[in-house]
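Model the placement of chain B with the ligand on the given structure of chain A, informed by the hints.
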Amino acid sequence: MKLGEFLTEKNIKLNLASKKKAGVIGELVELLSVGERIKSMLKDNLLKREKMGSTGVGKGIAIPHCRSVLVDKLTVIIGRSKRGIDYDAQDGKPVHLLFLIVAPPQPQPLEYLVILGEIAKLSKEIVKHPDILKIDEKERFLNVLFDIERKLEKRGK
Amino acid sequence: MHQQLELLIMLNDLDILVKESQNKNMRKKEESYGFKLVHHSVELARAREEIVRKLDKNLYETYERLMSKYERALAPVVNGVCYGCYMRLPIAETTQQNKNEKVSTCINCGRFLYWIG
Ligand SMILES: [Zn+2]
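If you're matching them up, the sequences are chains A and B in order.
Anchor point for the first sequence: position 132 equals 131 in numbering that gives the first Met the number 0, and the numbering is continuous, going up by one each time.
Anchor point for the second sequence: position 27 equals 26 in numbering that gives the first Met the number 0, and the numbering is continuous, going up by one each time.
So that you can see chain A by itself, here it is in the shape it has in the complex (with noise of 0.2 angstroms):
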């Protein structure tokens, strides 16, 4: 996978207003080019699948999803708190940076599983990238996110 094909800097939130689960949900799913009506019933499925379990994976890092007839492509946003979300998160610490997506029901969940995969496992090496947290340009942002991506791949080969 590379992240590069499916984000850009419209689908980036670097300060999130909302301190809550349900807001910050809110404020990402804003950032999708679907209507109004098709984004409130996105944030309901993407809450409905919190149900099932905190999608908070821990260190900060948050990664909401879900799958609907409503959506044609699979779209990844990025969101940050500086100040951190209550999250309900599995270590109970406060998230700071989240990858919600969202996808089709097809293809077959494949895409979807590999593309939640590759997320999962590169939040885990965000982690070790603090400064992350600090950087205020969108630009800025993506490139050292594509340059963990990068590392990873490297190191997989």
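Be a bit skeptical, because a hint or two may be false.
Claimed, not checked - Calculated cross-link-like contacts (lysine-lysine; reagent style PhoX-like; alpha-carbon spacing at most 20 angstroms): (1) A:120 with A:58; (2) B:28 with A:120; (3) A:19 with A:47; (4) B:27 with A:120; (5) A:123 with B:27.
As the list claims (entries may be wrong) - Here are the computed distance ranges between Cβ atoms for each label pair: (6) B:78 with A:1: 40 to 50 angstroms; (7) B:18 with A:72: 18 to 28 angstroms; (8) B:55 with A:151: 28 to 38 angstroms; (9) A:123 with B:24: 18 to 28 angstroms; (10) A:124 with B:23: 26 to 36 angstroms.
Treat the hints as calculated values from the structure; they're not laboratory data.
None of these values were measured; they are calculated from a predicted model.
C-beta: ideal position from N, C-alpha, C; glycine also.
Frame of chain A; chain B with the ligand shown alone:
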């Protein structure tokens, strides 16, 4: 969007979410990524009841019948093709306006349709 179609979409997305979380392979995959999943959520069961209560009875029966037959009861239509059975839908249907303002089904596979774009 038609209110009943909205309910069908919410119901289907919810059912798939729960079904997949109970699927051993999917579950293992998600857990290997660091996610933890509960086995049953009372809140989601309640949310489902709430949707079904608002849904037309006949539509719900059709929905259940489709779910016993297929993985999903609802298919998106992309560029005039039903993504449930991959058949091209008739021009008379694809050229209609406001296609999501009513509940429609695929003439080939019978799945409910959500028109994208
Ligand atoms: Zn069909």
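Right, here's what the structure says about each hint:
1. The suggested pairing of residue 120 of chain A with residue 58 of chain A holds, with an alpha-carbon distance near 13 angstroms, which does not exceed 20 angstroms.
2. Distance hint between residue 28 of chain B and residue 120 of chain A is fulfilled; the C-alpha atoms sit about 13 angstroms from each other, no more than 20 angstroms.
3. At roughly 15 angstroms between alpha-carbon atoms, residue 19 of chain A and residue 47 of chain A fall within 20 angstroms of each other, so this suggested pair holds.
4. Straight-line distance between C-alpha atoms of residue 27 of chain B and residue 120 of chain A comes to about 16 angstroms, which keeps the hinted pair within the 20 angstroms bound.
5. Proximity of residue 123 of chain A to residue 27 of chain B is assessed by CA-CA distance (about 19 angstroms); at most 20 angstroms being required, the pair is judged to hold.
6. At roughly 25 angstroms, the beta carbons of residue 78 of chain B and residue 1 of chain A sit outside the given window of 40 to 50 angstroms.
7. Between residue 18 of chain B and residue 72 of chain A the CB atoms are about 23 angstroms apart, so this pair conforms to the stated range of 18 to 28 angstroms.
8. Between residue 55 of chain B and residue 151 of chain A the Cβ separation comes to about 50 angstroms, which falls outside the hinted range of 28 to 38 angstroms.
9. In this structure the supplied range 18 to 28 angstroms holds for residue 123 of chain A paired with residue 24 of chain B, their Cβ-Cβ distance being about 22 angstroms.
10. Our hint of 26 to 36 angstroms for residue 124 of chain A and residue 23 of chain B holds, since their Cβ atoms are close to 29 angstroms apart.
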